[in-house]
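Enquirer: Count along the sequence shown from 1, then add 12; that gives the number in the working numbering.
FYI, nobody ran anything at the bench for these hints, they're computed from the structure.
Some clues are possibly wrong.
[What the hints assert, rightly or not] Heads up, simulated SDA-like pairs for lysine to any residue below, C-alpha to C-alpha not over 25 Å straight-line:
{"id": "1", "residue 1": "24", "residue 2": "43"}
{"id": "2", "residue 1": "24", "residue 2": "67"}
{"id": "3", "residue 1": "14", "residue 2": "27"}
{"id": "4", "residue 1": "60", "residue 2": "37"}
{"id": "5", "residue 1": "59", "residue 2": "89"}
{"id": "6", "residue 1": "59", "residue 2": "78"}
{"id": "7", "residue 1": "60", "residue 2": "82"}
{"id": "8", "residue 1": "71", "residue 2": "40"}
{"id": "9", "residue 1": "71", "residue 2": "82"}
{"id": "10", "residue 1": "59", "residue 2": "48"}
{"id": "11", "residue 1": "71", "residue 2": "90"}
{"id": "12", "residue 1": "24", "residue 2": "90"}
{"id": "13", "residue 1": "59", "residue 2": "49"}
{"id": "14", "residue 1": "59", "residue 2": "86"}
{"id": "15", "residue 1": "14", "residue 2": "42"}
{"id": "16", "residue 1": "71", "residue 2": "28"}
{"id": "17", "residue 1": "71", "residue 2": "43"}
{"id": "18", "residue 1": "71", "residue 2": "17"}
{"id": "19", "residue 1": "59", "residue 2": "70"}
{"id": "20", "residue 1": "24", "residue 2": "65"}
{"id": "21", "residue 1": "71", "residue 2": "44"}
{"id": "22", "residue 1": "59", "residue 2": "43"}
{"id": "23", "residue 1": "59", "residue 2": "35"}
{"id": "24", "residue 1": "24", "residue 2": "35"}
{"id": "25", "residue 1": "14", "residue 2": "56"}
{"id": "26", "residue 1": "59", "residue 2": "74"}
{"id": "27", "residue 1": "14", "residue 2": "45"}
{"id": "28", "residue 1": "60", "residue 2": "40"}
{"id": "29", "residue 1": "24", "residue 2": "62"}
{"id": "30", "residue 1": "59", "residue 2": "90"}
{"id": "31", "residue 1": "60", "residue 2": "76"}
{"id": "32", "residue 1": "14", "residue 2": "35"}
{"id": "33", "residue 1": "60", "residue 2": "44"}
{"id": "34", "residue 1": "24", "residue 2": "52"}
{"id": "35", "residue 1": "14", "residue 2": "89"}
{"id": "36", "residue 1": "24", "residue 2": "86"}
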Amino acid sequence: MKLNILAFGITKEILGGRLVELEIELDDQARVRDLREALFLQHPELKKLNSLGIAQGSKYAEDSDLLDPTQEIALIPPVSGG
């Protein structure tokens, strides 16, 4: 499955760009958790983050949500401020 992924913050550095097209072995019934696991395999540095949000379309996705490759996928790293 080909996915266009928007990466922000540290995830942009890990994936090598802000908009990245990735070829990931996932079936048509894949869920967001399957994408997360595949990303961790391809980019182990992502696993070191204390949180990693995944948005699908314009909302945060739950791990149990079906993955929709026609939607924009975004990786949201931990954010800190002060």
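Enquirer: With reference to the structure, classify each hint as holding or not holding.
Expert: For each hint, the structure was consulted:
1. With a C-alpha separation of about 22 Å, the suggested pairing of residue 24 with residue 43 holds against the 25 Å cut-off.
2. Straight-line distance between C-alpha atoms of residue 24 and residue 67 comes to about 15 Å, which keeps the hinted pair within the 25 Å bound.
3. For a cut-off of 25 Å, the pair hint linking residue 14 to residue 27 stands: about 15 Å separates their Cα positions.
4. Only pairs whose Cα atoms come within 25 Å are accepted, and residue 60 paired with residue 37 is accepted, the gap being roughly 22 Å.
5. Simply put, residue 59 and residue 89 have alpha-carbon atoms about 11 Å apart, close enough for the 25 Å limit, and the pair holds.
6. Under the criterion of a C-alpha separation no larger than 25 Å, the hint pairing residue 59 with residue 78 is consistent with the structure, at around 21 Å.
7. For the hint linking residue 60 to residue 82, the alpha-carbon distance of about 28 Å lies beyond 25 Å, and the restraint is violated.
8. In summary, the hint linking residue 71 to residue 40 is supported, as the alpha carbons are separated by about 21 Å, within the 25 Å threshold.
9. Straight-line distance between C-alpha atoms of residue 71 and residue 82 comes to about 14 Å, which keeps the hinted pair within the 25 Å bound.
10. This hinted pair checks out: residue 59 and residue 48 have alpha carbons roughly 9 Å apart, not beyond 25 Å.
11. The hinted pair formed by residue 71 and residue 90 meets the criterion: a straight-line CA distance of about 16 Å does not exceed 25 Å.
12. Taken as a hint, the residue 24 and residue 90 pair is honoured in the structure, with Cα atoms around 13 Å apart against an allowance of 25 Å.
13. About 9 Å separates the Cα atoms of residue 59 and residue 49, which keeps this hinted pair within 25 Å; it holds.
14. A distance of roughly 16 Å separates the Cα atoms of residue 59 and residue 86; the hinted pair therefore holds under the 25 Å criterion.
15. For the suggested pair residue 14 and residue 42, the alpha carbons sit about 13 Å apart, so the restraint of at most 25 Å is met.
16. Proposed proximity of residue 71 and residue 28 is supported: the alpha carbons are some 24 Å apart, at most 25 Å.
17. Note on residue 71 and residue 43: the hinted pairing holds, with a Cα-Cα distance of about 15 Å set against a maximum of 25 Å.
18. Under the criterion of a C-alpha separation no larger than 25 Å, the hint pairing residue 71 with residue 17 is consistent with the structure, at around 14 Å.
19. At roughly 24 Å between alpha-carbon atoms, residue 59 and residue 70 fall within 25 Å of each other, so this suggested pair holds.
20. A hinted pair counts as satisfied when its Cα atoms are at most 25 Å apart, and residue 24 with residue 65 qualifies at roughly 14 Å.
21. Taking the CA atoms of residue 71 and residue 44, the gap is about 13 Å. The hint holds against a cut of 25 Å.
22. Among the hinted pairs, residue 59 with residue 43 is consistent with the structure: their alpha-carbon atoms are about 18 Å apart, no more than 25 Å.
23. Taking the CA atoms of residue 59 and residue 35, the gap is near 19 Å; set against the 25 Å cutoff, the hint holds.
24. Between the alpha carbons of residue 24 and residue 35 the distance comes to roughly 17 Å, so the proposed pair stays at or under 25 Å and holds.
25. This hinted pair checks out: residue 14 and residue 56 have alpha carbons roughly 19 Å apart, not beyond 25 Å.
26. A hinted pair counts as satisfied when its Cα atoms are at most 25 Å apart, and residue 59 with residue 74 qualifies at roughly 17 Å.
27. Between the alpha carbons of residue 14 and residue 45 the distance comes to roughly 16 Å, so the proposed pair stays at or under 25 Å and holds.
28. Of the pairs offered as hints, the one joining residue 60 and residue 40 is violated, with about 28 Å between alpha carbons and a cut-off of 25 Å exceeded.
29. Straight-line distance between C-alpha atoms of residue 24 and residue 62 comes to about 16 Å, which keeps the hinted pair within the 25 Å bound.
30. The hinted pair formed by residue 59 and residue 90 meets the criterion: a straight-line CA distance of about 12 Å does not exceed 25 Å.
31. Our distance criterion of 25 Å between C-alpha atoms is met by residue 60 and residue 76, whose separation comes to about 22 Å.
32. For the hint linking residue 14 to residue 35, the alpha-carbon distance of about 5 Å falls within 25 Å, and the restraint holds.
33. Under the criterion of a C-alpha separation no larger than 25 Å, the hint pairing residue 60 with residue 44 is consistent with the structure, at around 18 Å.
34. Between residue 24 and residue 52 the CA atoms are separated by roughly 14 Å; this keeps the pair inside 25 Å, and the hint holds.
35. Note on residue 14 and residue 89: the hinted pairing holds, with a Cα-Cα distance of about 22 Å set against a maximum of 25 Å.
36. The straight-line distance between the Cα atoms of residue 24 and residue 86 is roughly 10 Å, inside the 25 Å bound, and the hint therefore holds.
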